[in-house]
Amino acid sequence: MTTLTPILTKNWDEADSFTRAGYERGGGYQAVRTALGMNPDDIIQAVKDSGLRGRGGAGFPTGMKWGFIPQGDGKPHYLVVNADESEPGTCKDIPLMMANPHALVEGVIITSFAIRANHAFIYVRGEVLHVIRRLQAAIAEAYEAGYLGANILGSGYDLELTLHTGAGAYICGEETALLDSLEGYRGQPRLKPPFPAVAGLYAAPTVINNVESIASVPSIIGNGAEWFASMGTEKSKGFGIFSLSGHVTRPGQYEAPLGITLRELLEMAGGMRNGKRLKFWTPGGSSTPIFTEEHLDVPLDFESVGAAGSMLGTRALQIFDESTCVVRAVLRWTEFYAHESCGKCTPCREGTYWLKQVLARLEKGQGTEEDLGTITDIADNILGRSFCALGDGATSPITSSVQYFRDEYLKHFEIGGCPFDPAASTLWADA
Amino acid sequence: MTYTPEVRERLERDAKEIIARYPKPRSALLPLLHLVQSEDGYVTDHGQQFCADMLGLTKAEVTAVSTFYTMYKRRPMGEYHVGVCINTLCAVMGGDQIYAELSEHLGVGHDEATSDGKVSLERLECNAACDFAPVMMVNWEFFDNMTPESAKRLVDDLRAGKEVAPTRGPSKLCTFKQASRVLAGFPDGLAGEGASAGEASLEGLKLAKARGWEAPEASK
Ligand SMILES: Cc1cc2nc3c(=O)[nH]c(=O)nc-3n(C[C@H](O)[C@H](O)[C@H](O)COP(=O)(O)O)c2cc1C
Ligand code: SF4
Ligand code: FES
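Protein chains in written order, with UniProt numbering: chain A, 1 to 431; chain B, 1 to 220.
No wet-lab data here; the hints were simulated from the structure.
Fair warning: there could be bad hints in the mix.
[Unchecked claim] Here are the simulated lysine to aspartate or glutamate pairs, DMTMM-like style, with alpha carbons at most 25 Å apart:
(1) K235(A) to E214(B)
(2) K177(B) to D40(B)
(3) K364(A) to E350(A)
(4) K209(B) to D188(B)
(5) K356(A) to E61(B)
(6) K344(A) to D96(B)
(7) K16(B) to D16(A)
(8) K118(B) to D188(B)
(9) K152(B) to D430(A)
(10) K59(B) to E144(A)
(11) K48(A) to E217(B)
(12) K209(B) to D430(A)
(13) K356(A) to E370(A)
(14) K16(B) to E303(A)
(15) K209(B) to E370(A)
(16) K48(A) to E350(A)
(17) K172(B) to D16(A)
(18) K177(B) to E199(B)
(19) K16(B) to D180(A)
(20) K209(B) to E144(A)
(21) K209(B) to D16(A)
[Unchecked claim] Residues of chain A clear of chain B, computed beta-carbon distances all greater than 12 Å:
(22) G72
(23) V128
(24) V198
(25) G365
(26) L372
Quick reminder that beta carbons are idealized off the backbone N, C-alpha and C, glycines included.
Please work from the sequences and hints to get the whole structure.
Here is the structure:
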């Protein structure tokens, strides 16, 4: 049986967990002292050895990414933390930064030192005021304590950390769109290559990592790469925060080794709400193909979820019970992608627009069986042909829902409407 | 309209402080637009001209950016800007019903303000709080686990000038303009207020403690 492993979430129940004093009481800012005494290359090696893979969705090996930064090139290097958290269902970085912002700040210092950056940025979405306050305060405290600024802890190493607040655009979570946004432009993705490690922020070598990836770094330096690698599965090492939402008894954040299953997590979360039956769920946000009851025992690691036809993504487990209409759910996600498409490329801009139109018709029971063919065709035309992964993500709910719930789509136009009562799936529905 | 010399001088001081945070001035554009909203309540023409002046851009270049982002409003919003999350998870958990009832109750639609200027309404996409669904935001503070009743009571209280506290946040709401100033990077001193985490955020930790589960010991 897998058990929970509170690490990043360990101090969240302490009243002052977000302050420097609270963080240091639990051993915070020890790892940075260790790191500043190390050779930066050894830090990169330790993160490689730990097996840490990006926690922002794609799972790229973090140490390898850092290793791509050219050294001794005479250019400034930058670290940019992706704190844009906007993938539907994803809700781990925001509580992490609210309750434990210093873990992120400490991770920023260690990472910047390792990649030889003297200026780092945290790009946080704008719609989370109190989280922004906590980050501002944590950064100010870190400057006061000499963890940021010139000659950090007498090491001769200098680092500036700037908090940058976004302004509402899901696409700015895509790493190159984020860079354009941070440079003061519309957030639209850039052509790759060149990759950010070569030409990123201001065309200089740049590492972009997710909040949780960076916040995990102090624990690796503090406890050792083997410690981290002792958790998780062979190729998906370590721990991660699993976010359960929707029709479960106790939705919330559950920090566990990668490879835990939804069956195990559901047991921990008190089971399905009101004893209802699980109908469908996302393993890692709305851009990951949906799963059903038959996937309850899929180990939630990068390989196993991929082999079962989806993606681990951000471990955003949105749980829907039998009262939920899958067509309505998919329509709403599709409206989201159409709204957030940046418009740069035709397959995504036009495709998401048409998907939205056809799905709206289907949901009202005014569609035909031909429309089902149309939406899967449009999805096929977006997938692999769009400029960035937003377009690909938009096809996930469509293709997977038609695969598992074709009959439910058919039912809508058989009866000329939606067979479900939306009131039955609300928070206040009777048991 | 333009800013009075005193206002302009104050804003220029703020703008210079923002620009100094970045290796290249243009990076300051997003926070500068938040600064404009903190002064005017929305992104005004003269506010955009101000940004252009500060950064050596044309006003058209500024507008091209400001219209890309949903948090920049092109007309006055309410003193309290109320968002209802209608992305799938929240919608299913009741966000759709909350939005519909609230819109009818207030007599306004998406990105519209009530005639008293107190409250405006917005359909929000996922605000990274799904474990607290259905979620509402007022001036970008979290209001968790809402119902149609609690939502209507909330906006009634706001319009009546009563003090209202977010579920996770400071003990009292600030105005849209005050919130925008924090977004521009000027702290308001309220970071220490409120709990470290909401109830749902602590579920896993609580269970781990109850069952005696811990992360492994350090390997060195
Ligand atoms: C549309 C879109 C939105 C994304 N949003 C986020 C986000 O909010 N946070 C994040 O860390 N990564 C996001 N990503 C992934 C980033 O592009 C990038 O892979 C990630 O920040 C790298 O960090 P990691 O290696 O630590 O995971 C998004 C990708 C796409 C295509
Ligand atoms: S796939 Fe969509 S979001 Fe990405 S570049 Fe194309 S239009 Fe923009
Ligand atoms: S879906 Fe509403 S906060 Fe995520």
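Hint-by-hint comparison with the structure:
{"no.": "1", "hint": "K235(A) to E214(B)", "result": "holds (22 Å)"}
{"no.": "2", "hint": "K177(B) to D40(B)", "result": "holds (8 Å)"}
{"no.": "3", "hint": "K364(A) to E350(A)", "result": "holds (22 Å)"}
{"no.": "4", "hint": "K209(B) to D188(B)", "result": "violated (35 Å)"}
{"no.": "5", "hint": "K356(A) to E61(B)", "result": "violated (31 Å)"}
{"no.": "6", "hint": "K344(A) to D96(B)", "result": "violated (30 Å)"}
{"no.": "7", "hint": "K16(B) to D16(A)", "result": "violated (33 Å)"}
{"no.": "8", "hint": "K118(B) to D188(B)", "result": "holds (22 Å)"}
{"no.": "9", "hint": "K152(B) to D430(A)", "result": "holds (21 Å)"}
{"no.": "10", "hint": "K59(B) to E144(A)", "result": "violated (39 Å)"}
{"no.": "11", "hint": "K48(A) to E217(B)", "result": "holds (20 Å)"}
{"no.": "12", "hint": "K209(B) to D430(A)", "result": "violated (31 Å)"}
{"no.": "13", "hint": "K356(A) to E370(A)", "result": "holds (16 Å)"}
{"no.": "14", "hint": "K16(B) to E303(A)", "result": "violated (49 Å)"}
{"no.": "15", "hint": "K209(B) to E370(A)", "result": "violated (54 Å)"}
{"no.": "16", "hint": "K48(A) to E350(A)", "result": "violated (41 Å)"}
{"no.": "17", "hint": "K172(B) to D16(A)", "result": "holds (19 Å)"}
{"no.": "18", "hint": "K177(B) to E199(B)", "result": "violated (29 Å)"}
{"no.": "19", "hint": "K16(B) to D180(A)", "result": "holds (21 Å)"}
{"no.": "20", "hint": "K209(B) to E144(A)", "result": "violated (34 Å)"}
{"no.": "21", "hint": "K209(B) to D16(A)", "result": "holds (19 Å)"}
{"no.": "22", "hint": "G72", "result": "holds (20 Å)"}
{"no.": "23", "hint": "V128", "result": "violated (6 Å)"}
{"no.": "24", "hint": "V198", "result": "holds (18 Å)"}
{"no.": "25", "hint": "G365", "result": "holds (18 Å)"}
{"no.": "26", "hint": "L372", "result": "holds (20 Å)"}
Hint compliance for this structure: hints 4, 5, 6, 7, 10, 12, 14, 15, 16, 18, 20, 23 are not met, and every other hint is.
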